[in-house]
Structures are given as C-alpha cells and as structure tokens.
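**Student:** Take a look at the letters that make up each chain.
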Amino acid sequence: MSRKAQAVGGSILTWPFIAALAVFALCLPVLAWRFLYGLGPTTGMNDGFPWGIWIAFDVVTGTALACGGFSVAILCYAFNKGKYHPLIRPAILTSALGYSLAGASVIIDLGRYWNVWKIPLLWNWNRNSVLLEVALCIMTYVFVLWIELSPAFFEVWEEQEKYPLLCRVARWLHGLLNRYLIGILALGILLPTMHQSSLGSLMLIMTTKLHKLWHTPLLPVLFLSSAILMGYAAVIFESALADEVFDRPRETKILASMSGIMVVVLFFFLGVRLVDLALRDRLGLVARLDFYSGMFLLEMALFLAPALLLLSRKGRNNPGIELISAILMMVAGTLYRFDTFLVGFRPGPGWSYFPTIPEMAVTIGFVAFEVLAYLFIVKKFPILHTGAPPHGLDAATPKPSG
Amino acid sequence: MSPTRRSVLKGIASAATLAASGVPKAFAAPRRRKTPPADAVGLLYDATRCIGCQACVVKCKEANGMPPDTGTPRGPMYDAPDDLNAKTKNIIKLYKGEDGRTSFMKAQCMHCVDPACASVCMISALYKGPRGIVVYDPGKCVGCRYCQTACPFNMPKYEWRTAFPKIVKCEMCRHLVEKGGIPACVAACPREAVIFGGLETLRADAKGRLAREPKRYFPKVYGDTDGGGTQVLYLSAAGIPFGKLGLPDLGDEPLPELTESLQHAVYQGFIAPVALYAILGFAVYRSFRSQHPRKGGEK
Amino acid sequence: MGPGEGRRTGFGTWEARGVSRREFLRTCAIAAAAVGLPGWTVGEIAEAAAAGGRPPVIWLHFQECTGCSETLLRASHPAVSDLILDLVSLDYHETLFAAAGRQAEEALQAAVRKNAGKFVCVIEGSIPRAEVGAYCRVGGRTAVEIAKEIGGKAGAVIAIGSCASWGGIPSADPNPTGAVGVSGILEGKTVVCLPGCPPNPYNFLGTVLQYATFGTLPALDSLGRPAFAYARTIHEDCPRRPHFDAGRFVERFGDEGHRHGYCLYKTGCKGPRTHAPCSLQHFGEVVGAWPVGIGHPCFGCTEQSLAFRVPLHTTVEIDRPTPPDNYPPIHADHGGVSVAAVGVAGLTVGALIGAGAMAAKKLGASKGEGKGENDKEAT
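Protein chains in written order, with the working numbering: chain G, -15 to 386; chain V, 18 to 316; chain P, -18 to 360.
Treat the hints loosely; a few may be bogus.
[To be verified] Cut-off 20 Å, straight-line C-alpha distance, at most; resulting in silico cross-link-like pairs (EDC-like, lysine to aspartate or glutamate):
{"#": "1", "chain 1": "P", "residue 1": "Lys343", "chain 2": "G", "residue 2": "Glu139"}
{"#": "2", "chain 1": "G", "residue 1": "Lys196", "chain 2": "V", "residue 2": "Asp269"}
{"#": "3", "chain 1": "V", "residue 1": "Lys51", "chain 2": "V", "residue 2": "Glu79"}
{"#": "4", "chain 1": "G", "residue 1": "Lys102", "chain 2": "V", "residue 2": "Asp269"}
{"#": "5", "chain 1": "P", "residue 1": "Lys170", "chain 2": "P", "residue 2": "Glu130"}
{"#": "6", "chain 1": "P", "residue 1": "Lys342", "chain 2": "G", "residue 2": "Glu222"}
{"#": "7", "chain 1": "V", "residue 1": "Lys232", "chain 2": "P", "residue 2": "Glu298"}
{"#": "8", "chain 1": "V", "residue 1": "Lys261", "chain 2": "P", "residue 2": "Asp306"}
{"#": "9", "chain 1": "P", "residue 1": "Lys95", "chain 2": "P", "residue 2": "Asp72"}
[What the hints assert, rightly or not] Over the 10 Å line for every Cβ pair with chain P, so calculated as not near, a few chain V residues:
{"#": "10", "residue": "Pro54"}
{"#": "11", "residue": "Gln71"}
{"#": "12", "residue": "Ala80"}
{"#": "13", "residue": "Thr87"}
{"#": "14", "residue": "Thr119"}
{"#": "15", "residue": "Gly146"}
{"#": "16", "residue": "Pro147"}
{"#": "17", "residue": "Lys196"}
{"#": "18", "residue": "Gly198"}
{"#": "19", "residue": "Pro207"}
{"#": "20", "residue": "Arg220"}
{"#": "21", "residue": "Ala221"}
{"#": "22", "residue": "Leu227"}
{"#": "23", "residue": "Pro236"}
{"#": "24", "residue": "Gln285"}
{"#": "25", "residue": "Ala292"}
Don't read these hints as lab results, they were simulated from the structure.
We put the CB at the ideal spot given by N, CA and C, even for glycine.
The shape of chain G in the complex, shown without the other chains (with noise of 0.2 Å):
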C-alpha cells in the first residue's frame, strides 16, 4: 500500500487559528515599541543580564524543540531507517517554522540589527567567536530546512496550469532541488550538530559567571544530546497532536522504535552530566540543597521520568505514555537550557532578571505565530501522510516525500 503526503484542506479560519491569531496580534505593539524606544522599556533585561528569555527560550529552546527535522532526519538518511519517512516532512516543516521564528526574535533581540548583514561578510569574521559560528550555521540551516520543504510546496505549485510560469519555475526548482538533493540533505544533519552543540559552547567563556552544576567542558555534548531528545519529542508531540487535531490514526510502531533510541541518549546525558560533576568533585554542590541543587536534581528527574518510563515495550507502545515523556523531555531540555543560560547564571550580587509581560508576549505570540503558519501550511500544501499505517517491513520502504 501506497502512501502519500497530501494537503489536509479545509477552511483557514478555524477557531484555533483566529486564536492564535489573536495571540499574535498582541506582541505587534510590543515590537513597535521596542523598535522606537529600545529593549530597556519593554524587557526586563540589564546589564547584569543582558540575555533573556527571547535569547534562552526563543532561540536557544527553540531550535532545540525544532530539532526534529534534524533528529528524524539522522534516522531516515543516516541510518537509513526508511520506514521513518512519513515523520519527515511534518517534522521539517516544524523546524523550518520554529528555526524562522529563532531567527525572527534574534533580528528583534539584536540592539543594532541594521548591522546584521555584515555578519556574513567574510572578512569580518572573528573565528573564535562561537556566536558567529552559531549565526552562521543558523542563517544557513533556515535556508536548507526551507529548500528540504520545498518539494512540498513545488507538488502543489507544479500543478497551479492557472498559472503557467509558476508552474515552470517551480518544475525547473524542483529538478534543481533533487539534483543536488543528497547533498542538501546532509547538509541538513551536519549544520544543526554544529550549531546546538555550540548553543551549549556560548556559555563555556563563562567560567566565573555560570553555576559550577553547569559549567563543564561538556556543554557542546550536553546540549547536543538534549537537542536531539527533544527533536524526537517535538516530533512525537507534534505527531500526536497533529493526528488528532486532523483525526488521523497514530503511527504507533515508528514512534514506538524512536522512543527506544531515546531511551539510550537519555542514560547517555544523565551518565555525562553525573560522571562529569563526580569526577570534577563538584557532587557537593547537589548535596548543598540549596535553590541551584534544586534545580538541577528537578532537571535529572526531568530527564530520568520518561527514561525509566520508555524502559518497557508496554511503554513504549502506549501512545499516552510515549506522549508525557514526550512532554516531559520537551520540559527538561527546555529547563535545562534556561538553567544554563538564565538560572544558573550568577553575574554578581545585586542583579537581577525576569522577563516581563511585554517580553512574555512576544514570545508567546512567536510561538502563536508558528501554530497559524502551521495550520496554513500543512492545510494548504502536502505534508502529512494519509492512510493506514505500513503492517511489518515490507511496507516500510515507501516513496521519500519528495
């Protein structure tokens, strides 16, 4: 049997998508008001704590929960599990979003953003900043997610004979693409390796600054691991949701063999984290008890819930349980990272952050944003599969969604 990605159609303006749009609408003020007086009226940031959350959640958590283009991709082209195919797109169009968004809230955070487009100017480069291996690596996936989804939209467009000259542009793109398609493709598990294990390496200069809990010479691996958990969780999430909200049935078996794989980064991050802090004495600080050991051992039991959890094959197989430790890694790489980048963070006594409401709206409403495009994209162009889930390996070799 056969099976394809198609458009799920259907009226735009559903009563989510007003919502969100609503949502939306209301960071707009907030962004004008940014640009005209500055980040110092809308957030709450200082110089004690010049990063805040469109920094530590929009960016730095964001790319991470878009890592499942990123993580399926790894299964499908690089270990060439095929029948993980059906996830791809979906998840590509996931990460396309939230890598968009990423890149919309760096452009809002940035104090002189009319200088962005010297970053990319060769000869300005200062390569031993990891930021800018970090916005390079970035500017350039959002591209390669784009062009991975293109064939997507090149299906629907290819077909447009209303409009003959879109009709051929996109033929000839679409050619273009699958020429240069495995290139692209690898390209696509290279960059993200680069750039969210950097995420992590931004906070290596920090010796003094960052909580000794946090600070390891680690970071790059620490952040690579959880951002490739929390792709598959994204995908799962997004999965089960999506299948829902279209009332699909659930692609239980793939997702119950990706869930394995978790299971085995999962003791590999909680195995770094604790061998590393055991061999540099650093135990104590758990020990202390304090808000800092708090945090960390809320992290662990973040991160060890859905291992033990996703244990079992009976786990493993329940969509309702694959579906919390999803949740619940999405949680912990998500407090993990704001535990590096914000809690864990210590520029001295007498600064202080939280991010204030206008601050919170706009990423809310990023967030909000993402859902309506979303909704619109996965309506209007292929992306989901239909029909029936494949039964044993022969059906597991379809088509690429391409």
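We have chain G already, so just place chains V and P on it with the hints.
**Tutor:** For chains V and P alone, kept in the frame of chain G given last:
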C-alpha cells in the same frame, strides 16, 4: 531496536568513558598564551592612596562627553550613579567592612591582555587595539551583547533606553592618549592614586610598593596574572582582599582559553565539519540507493 | 538683682562701663555654648562671674609672636575683650601690663605666692631646650626654669597656641633652638593644649569658663586637646564639603571652580587631617572669616605633622574618611522583579502544564486501541 538493560548500560558506559577520558580537554588544541604588546599602556590604582574624592568620575564624564546620569534607582539624585552604566564609564565605589575599615575602589574596564569580550565578539566590534587598549567600534556592532555576558567583570554596559543603542565602556581616553596625552581620570587625581604609563613600568612600580611597604598593602597585585593578566593593575590595603572590592577570583587562565581551544580543536581548518559532511553525504547516498533502487532522486 | 542695684560686684563695674546685663548674659551663653556646656549652666557662670570668683591667671610668654594674645582681643563685640579679661583675674600678662622690669617680676612672684596651687598658668609660645635653654631668657632666667617653677605651682596649665602645644613655628625643621611644647617640659602634669595659629579665642574662653565655674577641665584627647574644640577635623564640618563629595575641585587659584567656591582639596587644603573647630566657629565672630571661607586652603596650623612641615599646596590623606551615605557600594542593588510579571509567568506555565496533562490524557487514551495490531515488532 529494543533497548534492553544492556544497551542502557552501554549508553551510560559510553557517557562515563567520554567524560572520564577528559576527551574534551585532550581535544582542546594547544593555544599560545597571549602577551601584551610591547608598547602596552595601563593604569595602576592604589586603593590605599585614594580618598574617594570622585574627581576622576567627574573628569571622565567631561573628557568623554557623557551626559549626567539622573536616573538612579534611589530617587532623583543628580548625576550620582550607583554603578557603571551607559552614562558612566568610570566610578569610585566604597567598601565598608564589618570591622569599620573602609576602602575605595575605582571601577572601569580592565583592558585585559586576552579579553573575553574581544574573543566572543562575532565581527570584532570589540577588539584589542593599539597599545593594548580594548576598543569598541559601533560601526560593526550588531548589539548581540555577548560581550556583556562574557566579561567576568561585567564591564561593557549597554544603552537600554534608546532605539540606536551602543555598548559603553572605558577606552582609556584613547582619543587623548593617541595624541600623547593621559587619560582624564589620571590627570584629575589629586593623590596619584591612579597613574598611567607603560604596563611593565607600572607592574614594576606596583611590585616595588609591595616590597617597600609590605604592612600597608594586601600582598598581591591584582591584574598581574588574573584572568591571563589585565592592563589595569590594582593594589589594596592590608587586610582587604580583592574579592571584597568586587574583583573576582579568576585564576591565571585567560577566559577565552577553554572556549577557543575547544572550538579550534573541532573546527581547526574546517577539517572535522568537512569530513563529517563527506561521511553524511555518503550515508545519505547509500540510504537513498537502498530505499529506492533507482539512482539518485525522483522526477 | 535689678539694674542699677549696684552691689560691689563685677556687674556693677560692667554696668558702669555701659555693658548691659543682657549683653553680659549673652556673652556667658556664647562662651558656654562654645565649650559645650548645657544652657542651664549659663546662670551659674554668670553668678560665679558676678560674685567675683574669678580664677587668677598667670600668663607666661616664651618663643611666641603674641598672636594668641591678640586673638583674644580681636572681637567685634564691644567690651568682650574686657569681659574676657574680667571673667578672670589676670595677675600677670607681659603684653597687657603697664608695668615692666623688676616691678613686673615682683608682681609675678607675689601672685604665685598668693595663689599657689590655685591659679591657672597660661603659657604662650614654645620653650627652647637647646644650649641649656639659652635661646629664651626672661629676667635672666631661662624659659625652661620659669615654666617648670611656675607651671609646677599652678592649679591648671593651659598651653595656648601651636607653639605652646607642640612647638609651632620655632620647632620647624631643623629646629635649631630645640623648641618644644609645654608638655615637653612639664612632664607628668596635665597640660591643656589649645593648638592653632592662632586658636579661636572661644577655645580658650570655654576652657577657662568651665574651670572658673566648676573647677574642672574639659575632656581632653590623647594630645591634651579639649574634645569640644579639637575632636573633629575641618573636613568633617566644612561648608565646601558637598563640592568635595561631588568631585568638584579648584584646580588653580582664580579658575572657574575657585569662583564657584569649589573644594580646595587639590590646592593643598589640610582640612582632612586638621583637628580644629574653624569650619564651624569662624574668627572675629565674622561669618566666613577663616582661610577656606576666603578661598585659601587650610594649612593645618593645629597639627604638628602638618603645619610648617608639609608644603602649603601638597595634598594629604583623609583622617577617618566619612563618605556620604549615598556613596556607590561595591555591589549596588539594581532593582527587583515585577510581581505582576511573576504572576503572569506562573499562570502561563500553569496553563501549559494543565494543557499538557490534559492533552496527554486525551491523546493517549483515544488512540490506545491501535496498540494491539502493531505488536509484531520489527527492528
């Protein structure tokens, strides 16, 4: 794939091995320690000589054309900032100990020999300029504020309340120094509590003071090796360690050392990424071949 | 006691000179305030003075310029000089005496004999010790001998002026005459030192008034100086202190800052290390009549370590620095967190958790039936 207890243990074991082997540290490419340039200039601040008159604060504002700071959190006090900020590049702070001892402390950019801010700035808007002064070029700055998070002294300040913000910090009055002058704070000081000169001369002077009057000073020159060395050196009164004056304990390793050695190890000559790309390309190619018997992509 | 009731008392004489009772009481009040005595003592002072219980004072002059005597006479109030001299019985004073020579000497000896153990010996000027005290002889006797003899027999010894307190100008390096203050000669005896070049007259007046009224001397510090006048530095009470605290200084005489009355610290003001009441009690009872008041830095005339030792325009450290309360601390408090924001964040997170839990339940349960068919696992 069903992870049995075995593969879980495999996961943990590999994690432990990775952490224990110190691979990251071994990975780190060896990095030559930076030294100050031959014509490096600096400041030497002797807290035992400072009387807290704040003449340097006033003159710094004048020399740098900074506006008065009227927005203190303690109410509408005129131009009495309580810390460095976007309108204050230099400030004198007061330390009051529980034993009643007091000391003043001059706070401004430390002009580190191997600055964290210059290391992290994406396009070198902050860089180590002539004579080792850490210079800011707003023409390149994108306002990402990585320099603010990276600086262990929290020196770069930001203009939060404007649509066209800049980073603000002491630049050792380079507009005066370049013409053969001295920084305004040094010119203003009535007690020569802060002096300006060649870095090595100041270093020798500071050590000389410690040797001549050991009972007067805390036995250390801050900035000699701290954080890889700074071009602003500090002397404190006996019994008042530098931590009490707000100067962090940085050890001798420059801050960029860890992050740069790891980055360079991985990205040196771009070998690793290109190699990984090649491997991935091959893997993707193979999976395509197996998943669709026809060569390459579709259509 | 009403006006014109003229007992044979001091009052009567003063009234005869045209000083009203009110002026007299006023002077006593000023003197009491200067020495730090409470208001209720004014009456006692006035009565003691009026009753004629005036302590005899023997005033000796050695290596001095007579400035300290002059300072007592420089007053803008009419007859205060008389009052000062009438509150005490001045039995011997070389400058003010009409007598001279042997007559004066005899008067001195008579006064000492008559009031031995009760008189106040005021010494003005330093005492040279070099060459067996040869550098200062009065009536053939060295200053050392005179000071030892008369000071030894006094009820109280007051060293007025810097010279008598610690040596003053004559003791400036290289001190060829070996000049020292009175304490250097009269060891073991309580010497009230009133340094200053000259000291404010009220320093002297207050001390003597207290002794005259209560028979006690004011509290003295480790250098013998009365705390009421010498406990605080000029800097602590200086009217230009706000300029110092704000970092506004005179750079050169006559510049813009000087015209604005900025702090004179950078021109070498010794105020931060000089203990004296000049910043509060100006000279000649004219407001602003003191060095800083007229735009010249204090030169530290009361301090042995400063006056005639440290150059006029050399800056000094601050004794007991007292930065203003609003001085920036090492770690300033940069403000807290908005409660409303925390509330909203809490609500948002709570809503998300709730939604997540609900979604998990709903999504998990509704599609749970699919699990049976997919039990055939394939790797």
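**Student:** Each hint should be assessed against the structure and marked as holding or not.
**Tutor:** Here is what the structure says about each hint:
no. : hint                     : result
1   : Lys343(P) with Glu139(G) : violated, 34 Å
2   : Lys196(G) with Asp269(V) : holds, 18 Å
3   : Lys51(V) with Glu79(V)   : violated, 34 Å
4   : Lys102(G) with Asp269(V) : violated, 34 Å
5   : Lys170(P) with Glu130(P) : holds, 12 Å
6   : Lys342(P) with Glu222(G) : holds, 15 Å
7   : Lys232(V) with Glu298(P) : holds, 18 Å
8   : Lys261(V) with Asp306(P) : holds, 19 Å
9   : Lys95(P) with Asp72(P)   : holds, 11 Å
10  : Pro54                    : holds, 31 Å
11  : Gln71                    : violated, 3 Å
12  : Ala80                    : holds, 13 Å
13  : Thr87                    : holds, 14 Å
14  : Thr119                   : violated, 6 Å
15  : Gly146                   : holds, 29 Å
16  : Pro147                   : holds, 30 Å
17  : Lys196                   : holds, 21 Å
18  : Gly198                   : holds, 16 Å
19  : Pro207                   : violated, 4 Å
20  : Arg220                   : holds, 25 Å
21  : Ala221                   : holds, 24 Å
22  : Leu227                   : holds, 19 Å
23  : Pro236                   : holds, 21 Å
24  : Gln285                   : holds, 39 Å
25  : Ala292                   : holds, 29 Å
When held up to the earlier numbered hints, the structure conflicts with 1, 3, 4, 11, 14, 19 and fits the remainder.
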